[in-house]
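A.B. asks: Assembling the complex is the task here: the two chains are given apart, and the hints tell you how they should meet.
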Amino acid sequence: MAAGAAAVMLRRVPPALTRATPVTKPIPSSGEKIPVVGLGSWITFNVGDDPELRDECAAVMRAFFQEGGRLIDSSPMYGSSQGVIGYGLAKLGRPATLFSATKVWISSGSRGPQQIEESRTLWGVPRFDLLQVHNLLDWEDHLPVLFGMKAEGRVRYVGVTTSEGRRHGEMEKIMRSQPIDFVQVTYNALDREVEERILPLAQERRIAVIANRPFRQGALIRQFERHGLPAWAAEAGAASWAQFLLKFIVSHPAITCAIPATSKVAHVVENLRAAGEPLPDAMLRRRMAAYVESL
Amino acid sequence: MSDWWKYHISDFLLFSPRTYYRMIERHNEAVWPGQLATLALGVVILVLLYRPAPERRRIIATVVAVLWAFVAGAFLWRRYASINWAATYFAWLFAIEALLLARLNFRLSRDFVGRAGVGLFVFSLAVYPLLAPLLGRGWRQAEVFGVAPDPTVLATLGLLLLAEQPPRWWTLVVPLAWCLMSGALLWAMGAPEVWIIVTAAILVLGAPRIRRSDAPSATGA
Numbered sequence: 000m001a002a003g004a005a006a007v008m009l010r011r012v013p014p015a016l017t018r019a020t021p022v023t024k025p026i027p028s029s030g031e032k033i034p035v036v037g038l039g040s041w042i043t044f045n046v047g048d049d050p051e052l053r054d055e056c057a058a059v060m061r062a063f064f065q066e067g068g069r070l071i072d073s074s075p076m077y078g079s080s081q082g083v084i085g086y087g088l089a090k091l092g093r094p095a096t097l098f099s100a101t102k103v104w105i106s107s108g109s110r111g112p113q114q115i116e117e118s119r120t121l122w123g124v125p126r127f128d129l130l131q132v133h134n135l136l137d138w139e140d141h142l143p144v145l146f147g148m149k150a151e152g153r154v155r156y157v158g159v160t161t162s163e164g165r166r167h168g169e170m171e172k173i174m175r176s177q178p179i180d181f182v183q184v185t186y187n188a189l190d191r192e193v194e195e196r197i198l199p200l201a202q203e204r205r206i207a208v209i210a211n212r213p214f215r216q217g218a219l220i221r222q223f224e225r226h227g228l229p230a231w232a233a234e235a236g237a238a239s240w241a242q243f244l245l246k247f248i249v250s251h252p253a254i255t256c257a258i259p260a261t262s263k264v265a266h267v268v269e270n271l272r273a274a275g276e277p278l279p280d281a282m283l284r285r286r287m288a289a290y291v292e293s294l
Numbered sequence: 000m001s002d003w004w005k006y007h008i009s010d011f012l013l014f015s016p017r018t019y020y021r022m023i024e025r026h027n028e029a030v031w032p033g034q035l036a037t038l039a040l041g042v043v044i045l046v047l048l049y050r051p052a053p054e055r056r057r058i059i060a061t062v063v064a065v066l067w068a069f070v071a072g073a074f075l076w077r078r079y080a081s082i083n084w085a086a087t088y089f090a091w092l093f094a095i096e097a098l099l100l101a102r103l104n105f106r107l108s109r110d111f112v113g114r115a116g117v118g119l120f121v122f123s124l125a126v127y128p129l130l131a132p133l134l135g136r137g138w139r140q141a142e143v144f145g146v147a148p149d150p151t152v153l154a155t156l157g158l159l160l161l162a163e164q165p166p167r168w169w170t171l172v173v174p175l176a177w178c179l180m181s182g183a184l185l186w187a188m189g190a191p192e193v194w195i196i197v198t199a200a201i202l203v204l205g206a207p208r209i210r211r212s213d214a215p216s217a218t219g220a
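Going down the list, the protein sequences come from chains A and B. Per numbering that gives the first Met the number 0, the first sequence starts with residue 0, numbered consecutively. Per numbering that gives the first Met the number 0, the second sequence starts with residue 0, numbered consecutively.
Isolated chain B (complex conformation) (with noise of 0.2 Å):
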């Protein structure tokens, strides 16, 4: 197997465009109106953040766990697995993610990475799904928090950045994982899509780091 370096991204994407896209919005068909409840969520995980109280954080943990759930089974399970033999394993994985997320507790922290969290889970929820309008493929076609699984993935990377406390490592695996795959046909498809997935992940990674120096002005809530 001397030969991977003549292996390229494009070389592991196994469908069209054409075919992903047709597939969010069949997907949003056929679970529509509920997008309109996924959003109404979000919202209301973001009102919580700003009233924090143990059980509030629970009910935030409990939502985000509920939806990486529901991506898992109806998306990735039930309709990308189709196209692509790598959901059925990220179908398990959001599965287990779903079970690390619920035990975790979000208590929002105001320094810089916590802004970033924050303004990342906003952009996730409000404007994500206009992308799609806005690059020419179609309201019907755009991702949804709670329902396609790269603004649900990005929302909780916000909600793991906001968090007081740093984020366990074992439950930045399986979001991490996601943007590699999920980065990596976007980049094959050509959609530009992938910048915010990267700058996503490199925020994450780097937020120790950021969160080090950032020390002295950090004013935890």
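So here's chain A without its partners, still in its complex pose (with noise of 0.2 Å):
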């Protein structure tokens, strides 16, 4: 009796706000797979020591592997971030699945492995599994010391990032001449400068792609959440702006990861149920943006 009412009030919860494994994507260099959606910490975990605003982080991070996420991004430049990542982690007995992604942020080559090891120090992790060289600062310098690195198994991918659409014609150059496991690119419903040519040219170069700012630090959620959603959302399997907006993002070809950050246990949940089945084709993702377009 009690579980067919369960079974009862199961049905009625929309399949996208039920649990479900996350959709993997294989990185292209490697073939290793991980869930097509992340957790960012920019801001968002920047709590300092503030043991309260630490201890919702962790929870966060709980729920956030809980749902079958792994990777999780910061910088040194997100302030407290890091530590406060390192501080969930011991709290959650270090979650064998996490992959940790950071960067090298500092405009002195000399220095980045000295910060590198600052880092891990604070994340109290053996060896990031993604070193970045955040928003191209002094890649020329800081890319040999990651690829030495990475030839000593001191970690398993390199990447260069940039955000909100700069100085995309240095990362094609840095693209097609270096070999780098990812980029990290702003993309989302609206800012959509990288199909054009970073995307094709990931695919072509095999380079996974983080896509950061999914929800342009929640302003897309603001802006359409006064629309309804159309209802073919749920052909896409989205019941809310969040997931709409990410299972746009996730379902790119050439889209390895999103990483939306989040504060709050419900929306992390909601995130990692974006990455669950069905996520849209080509043609409903061309449907997805007309539709948000004309908003």
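The set of hints was computed from the structure by calculation and includes no laboratory data. Cβ coordinates follow ideal geometry from the N, Cα and C atoms, glycine included.
Pairwise CB distance ranges, derived in the manner of DEER restraints: (1) 39/B with 96/A: 55 to 61 Å; (2) 117/A with 176/B: 24 to 30 Å; (3) 106/A with 98/B: 25 to 31 Å.
In silico negatives: residues of chain A with every beta carbon more than 12 Å from chain B: (4) 19; (5) 61; (6) 64; (7) 120; (8) 126; (9) 151; (10) 176; (11) 178; (12) 200; (13) 203; (14) 205; (15) 227; (16) 228; (17) 282.
C.D. replies: Below is the structure:
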């Protein structure tokens, strides 16, 4: 009887709000698969030494791992975020499924290794899975160091990042000339410049792509939520605007992972569930883009 | 680096408003009841301004310098730097400013600019702490002169304005640099206090011109 009632209740919950195994995509350079939704830490995890807010971040991380998330992204630029991630990882018993991604962000190539070591200590990890040159800062000096670390087994993947459409020309040059595994760029339903050159080039060069600012720091959700979701959003498995926007991003064939940041458990659960099946196909993606642009 | 035009003020906001105001709250809890002492020191400064004597003016300079040094160490270095790396540099700048302010001779001018300076000082002392509860953040997040940087900087700009002698430009560099950074962050957070910071900065920058045009009616004390 109780089981029957529970089944009826479950049927009333939209599919995208129930727990689902996140879709994974391979990192082209290795074939290793990672879930298509990760966790960013820009602003949301920079809470200093505030114990209450640190515990809230740890709760977000706990929900992230429980929902099948793996990739957490940070940077020395993000204030205390790396220390807060380290606090959360320690509190959660250092989940073995973590895919740790951070950046080197310093205008002196010679000081890069020291900064990376400081970041590693803050995270409390034996090594990073992915090290990226933040905003292409001094990439000519940093990349050889990162490739050297990769050759020694001290990092598994190397990448470069930019955001908000900056320096795409230089990023293209790096993608063509350097053996990088990842690029990180801004990509969302309205910021689609990378579809023209960066994403096709990533597919051609077999480079994984991390999409940052999927919601423009929440601005897109605030902008769109006064409009209703179209009825056909269910075809994409989206039960909310956050899921609609995320599914649009991660269903692009070149995108490996999107990294929404949040300080709320409910939001991280909603984001991870957007990573479940179904994902929109090319025709539905065009419809989603047209709808968003019409608003 | 040809893409600088693509940056927005919000790109430099490293933390959420909630994190920032909780930091103020935790700082207030840590120094309580020090706020009462710094407010009392503010009143002492005000009284001494209207009872000028050389040794009293030295007391004003010393008190202001000590409060700047306190904000530099206790707030910027020890607390704010954990969420904003720029605060580390400002901690050093505040310490330097404390040394500069300790050498000043605050002597009240009774012209328009001087009165505006007194008004800014009194506002920073008595009204600024009320903004947090008035804006719905509660008393615990009140920003108090001598404890939090914004009212301390604003009050100091008031003191520099009211001085009979125009402030030396080098005493204004750090307060105005703070106004620029704090104003940008307040703007990005959507905090209405940004307009107070902007108004004070404009007043200080425009003071020499106002003073020149107001010169015939000026009656220095």
